[in-house]
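Chains as they are written, first to last, in this note's numbering: chain A, 1 to 186; chain B, 1 to 186.
No wet-lab data here; the hints were simulated from the structure. Computed from a predicted structure; not experimentally measured. It is possible that some hints are incorrect.
Where chains are identical, the list cannot tell them apart; a pair therefore holds if satisfied intra-copy or between any two copies.
Taking lysine-lysine pairs in the DSS-like style, the calculated list, with each CA pair at most 27 Å apart, reads [unchecked claim]:
1) 53 <-> 173
2) 3 <-> 53
3) 3 <-> 43
4) 94 <-> 173
Number of protein chains: 2
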Amino acid sequence: MRKNFGSKAFLYPQPVLIIATYDENGTPDAMNAAWGCICDYDKILLCLSAEHKTVENLLARKAFTVSPADAAHVVAEDYVGVVSANKVPDKFKKAGFHATKSEFVDAPIINELPMTLECVLESFDKETEWVVGKIVNVSAEESVLTDEKIDPAKLQPIAFDPVNYAYHCLGEKVGNAFKDGLTLNQ
Amino acid sequence: MRKNFGSKAFLYPQPVLIIATYDENGTPDAMNAAWGCICDYDKILLCLSAEHKTVENLLARKAFTVSPADAAHVVAEDYVGVVSANKVPDKFKKAGFHATKSEFVDAPIINELPMTLECVLESFDKETEWVVGKIVNVSAEESVLTDEKIDPAKLQPIAFDPVNYAYHCLGEKVGNAFKDGLTLNQ
């Protein structure tokens, strides 16, 4: 028997994306979003209300970074999702984050988060509030690599549970993808 | 030290979305996609090449369902992502899936997958190949509920690892979201 829940924004797993930008003074900011995904081979889509300081910043700077939230920093990652930089201008610092400017785009890399997508703004649609970024580079700390490749067992990315308002880490491998070598999505 | 990987469609976690549709004869089809996310309180976005039989079907029927892939059916879920219904018309059956028509939309629910978003087509953009669906209902088997709510520990949704082409189950809870009760995304 199935239970019906009506129209709900329920999906599993949802990512926990930490989006980092510089404001007009070069002060780093960060927020947390679950509504986003890869939307092409070199693009990421984020659904962000225009009220966010992040949106103001990325429209001005034409760049942002996205780091998958990891289990080691879950308290800080939740904090930047709950508190607005419009009210707490130094939220980035209060979260315990430190920034290094990306080599590739005009946006901060959060030193504490080991994997980052460095993006330039491609478009922002005011009606849908969808941000599209072109992924210029992906960087990752050597501490999360195995044989020179990103290893999710070391990265420990977390997922958002939209029903119970919780974060879960990623678990063990349960299978291989593309058993005959074709691509999944195309 | 960070290693740079260049422009890559790397993100963690990525969902494994099993999209089900009826064709013009009422035959159910299913495919597997990692590029999709919630894009509003009642909407889901999927990035799907127009060549897919699924896209032909959902444009004709104006409806589709999305079930998060679960650990129990990983072989079938990978199979429907690798094999095209344009070449193997009975792939749905070959995957071992059985369909029940949704009560709410003109699309099949896959009996074997315990949670499903039932959607009507809102738009398909030929240029970006983005499908937007309005979520009319979310349904879930009682077997994956705890206290009447969807429980990810029972659902066992899987995530796609785009670097190592693997599927991982969701692991343990590592924290609560929205500690002060504000919403994460808005």
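Subject >> Hints that the structure is at odds with (numbers, increasing) >> reply: 1 and 2
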